[in-house]
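Asks: Can you build the whole structure from these sequences, using the hints too?
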Amino acid sequence: MMRREQILNGAVLLGLIAVPLWAWSSGEPFIITLATKVAVLGLAGVGLNIALGTGGLVSLGHAAFFGIGGYAMGILASHAQQYVPLFEWPLLVEGTKSMPVIWLVAIVFSGLAALLIGALSLRTSGVYFIMITLAFAQMLYYFAISWPAYGGEDGMAIYVRNSFPGLNTLDPIQFFAITFVILCMTLWFNARLVRSPFGTALAAARQNAERVEAVGIDPYKLRLAAFVISGMITGLAGALFADLNRFVSPTMFGWHLSGELIVFVILGGTGRLLGPVVGAAIFITLEHVLGGISEYWQIFLGVLLLGVVLVARGGVIAVIAGKGVAHD
Amino acid sequence: MTDVVLSCTKISKAFGALQASKDVSLDLQAGEIHALIGPNGAGKSTLIRQISGAMKPDRGTVHFLGHDVTRLSAIERARLGLGRSFQISSVIPDFTVLQNVALAVLGDEGNSFHFFRDLLKGRPTVERAETCIARVGLEDRRAVRAADLAHGERRRLEIATALALEPRAFLLDEPMAGMGAEGASEMTRLLDTLRHEAPILLIEHDMDAVFALANRISVLVYGEIIATGTSDEIRSNAEVRRAYLGEEETA
Ligand SMILES: Nc1ncnc2c1ncn2[C@@H]1O[C@H](COP(=O)(O)OP(=O)(O)OP(=O)(O)O)[C@@H](O)[C@H]1O
Ligand SMILES: [Mg+2]
Chain A
1 MMRREQILNG AVLLGLIAVP LWAWSSGEPF IITLATKVAV LGLAGVGLNI
51 ALGTGGLVSL GHAAFFGIGG YAMGILASHA QQYVPLFEWP LLVEGTKSMP
101 VIWLVAIVFS GLAALLIGAL SLRTSGVYFI MITLAFAQML YYFAISWPAY
151 GGEDGMAIYV RNSFPGLNTL DPIQFFAITF VILCMTLWFN ARLVRSPFGT
201 ALAAARQNAE RVEAVGIDPY KLRLAAFVIS GMITGLAGAL FADLNRFVSP
251 TMFGWHLSGE LIVFVILGGT GRLLGPVVGA AIFITLEHVL GGISEYWQIF
301 LGVLLLGVVL VARGGVIAVI AGKGVAHD
Chain B
329 MTDVVLSCTK ISKAFGALQA SKDVSLDLQA GEIHALIGPN GAGKSTLIRQ
379 ISGAMKPDRG TVHFLGHDVT RLSAIERARL GLGRSFQISS VIPDFTVLQN
429 VALAVLGDEG NSFHFFRDLL KGRPTVERAE TCIARVGLED RRAVRAADLA
479 HGERRRLEIA TALALEPRAF LLDEPMAGMG AEGASEMTRL LDTLRHEAPI
529 LLIEHDMDAV FALANRISVL VYGEIIATGT SDEIRSNAEV RRAYLGEEET
579 A
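Protein sequence lines, in the order shown, are assigned to chains A and B.
Residue numbers for the first sequence follow this note's numbering, beginning at 1 and rising by one.
Residue numbers for the second sequence follow this note's numbering, beginning at 329 and rising by one.
Hint data in this document are derived by calculation from the structure and do not stem from the laboratory.
Here the structure is a predicted model, which means the values were calculated and not measured.
Take these hints with a grain of salt, some might be off.
Here are a few chain A residues that sit away from chain B, every Cβ distance over 12 Å (derived from the structure) [unchecked claim]: (1) I7; (2) Q81; (3) E88; (4) L92; (5) N168; (6) L290; (7) E295; (8) L310.
Lysine-lysine pairs mimicking DSS-like chemistry, simulated, CA-CA at most 27 Å apart [claimed, not checked]: (9) B:K350 x B:K384; (10) B:K350 x B:K338; (11) B:K449 x A:K221; (12) B:K449 x A:K323; (13) A:K221 x B:K384; (14) B:K338 x B:K384.
All residues carry an ideal CB built from backbone N, CA and C; glycine is no exception.
Replies: Below, the structure is given as structure tokens:
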């Protein structure tokens, strides 16, 4: 069972390289952009999956971290393109067009936000947790709308994609390679995490918190750490998404986005390593193929989602690779 | 003189009009099995919950190893060395037997914040877990999901989990419930050896086991302890016979 899922995971990642390589050789840059979108939104979903799949924390507010990552990119890059420092006092902080620096800032700030939001919302559970996470993301959404310095409702355009040492990020296939490598590294980290003492205790707390408490482990601390890790990954994805579009806007904070991330996770398979990537791939393919036919393409998505929830609880991965036990 | 490991003093707890614990005082001494018996709904599990920290008493105090732990959470009390089993088996259903016990070892080591190491490749952790599994006789079932275990096996898994904490006192809520004669006698033998590692506060309806094991017995009726004594004293106590043991004669 386990082996079948590993083979499937390998096939999914191979497919995710093969499609843009084919598009590159046959001169279809738009397909490369779609594949990059799958990698980036898949990455955001991988972040959510740590909270939702492993930790059982149904966050309807992960757009908060996605948006923070996006605005980290937007703010740093817009200052750099206007040659205006962010602060001059107490020390000079300038904008930057360097991707690694932007990613670091995105990860740190989305992690801090997750720490704050998690510390408050994890005191509740169930539907209250869903509502509180949603409320925090909405607060950030309205904050972004009413912040004219950074584009307000219109958002911010960044004219030239940010740079990465040694690569030409304007070349779609090279930018895809960056996002793909980050996705693979994160998946590797996630796979280790799930088998680690922390991941084991977190999964245990999802299934039976009382049991975890009875052996002297605090589920709250586990969940908070998971929420922070989850938020950092989704924040990094937000920075990449902004770079992909060279544009940031308050919609990155919107509940639509939070909902889409949940859809990726459920569609692909909750708690499955590659679930969110498969979910994002299906979503974006449907959007591309059916979106051209009808603007109501999401109806098909809805039917598919219903099918998954009613018939195949473990998502597409479970349908293909079997239910299996996620751990040994 | 005697070595008191765990004690509760004048514990009271009400659920609305229902008085589930009424000024309950009791202690657990080193090396003993102290059985807590009483009819259904007497408040035995409620008392265990207050001792373990899962529920706060309205009044009264709990002392463990010389500390006042009344204000400590269940997590903190477990870390001090209170190992418990639940009346309704409480396991991690999707985990294997080995993973369930390894989780407890992890709790005892205070080591759950490692993000990279593979838990099941950690030699000392797995070896400790396997020792506990062997002690309850589940070594052939170590790779089976807890959800797929038979009822009696799940009860034993809970004991293995409690063992893995290397506790200073055990709180066991009906460990033999629904086990069958053979399982119950195996469990009796195991608990008999266990008391020398840490004293046991044992809730049990199986009277053969209670009389065979208990150094002392306390009888709880309507939230109140009506008698505490040795097996013989309890057997011959008129009030106990009327309130509790007598029920069996008339039934
Ligand atoms: N959380 C609660 N809220 C309200 N009432 C409760 C609660 N927990 C227990 N009770 C009630 O308190 C009384 C004592 O329950 P408890 O479970 O402690 O009994 P017990 O002695 O363990 O019984 P049994 O032998 O059946 O396990 C029962 O009447 C029960 O219905
Ligand atoms: Mg009970």
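Asks: Now, for every hint given, state plainly whether the structure supports it.
Replies: Results for each hint:
no.: 1; hint: I7; result: holds, 21 Å
no.: 2; hint: Q81; result: holds, 37 Å
no.: 3; hint: E88; result: holds, 39 Å
no.: 4; hint: L92; result: holds, 35 Å
no.: 5; hint: N168; result: holds, 34 Å
no.: 6; hint: L290; result: holds, 36 Å
no.: 7; hint: E295; result: holds, 42 Å
no.: 8; hint: L310; result: holds, 22 Å
no.: 9; hint: B:K350 x B:K384; result: holds, 14 Å
no.: 10; hint: B:K350 x B:K338; result: holds, 7 Å
no.: 11; hint: B:K449 x A:K221; result: holds, 24 Å
no.: 12; hint: B:K449 x A:K323; result: holds, 24 Å
no.: 13; hint: A:K221 x B:K384; result: holds, 21 Å
no.: 14; hint: B:K338 x B:K384; result: holds, 13 Å
Violated hints for the displayed structure: none, as all numbered hints are satisfied.
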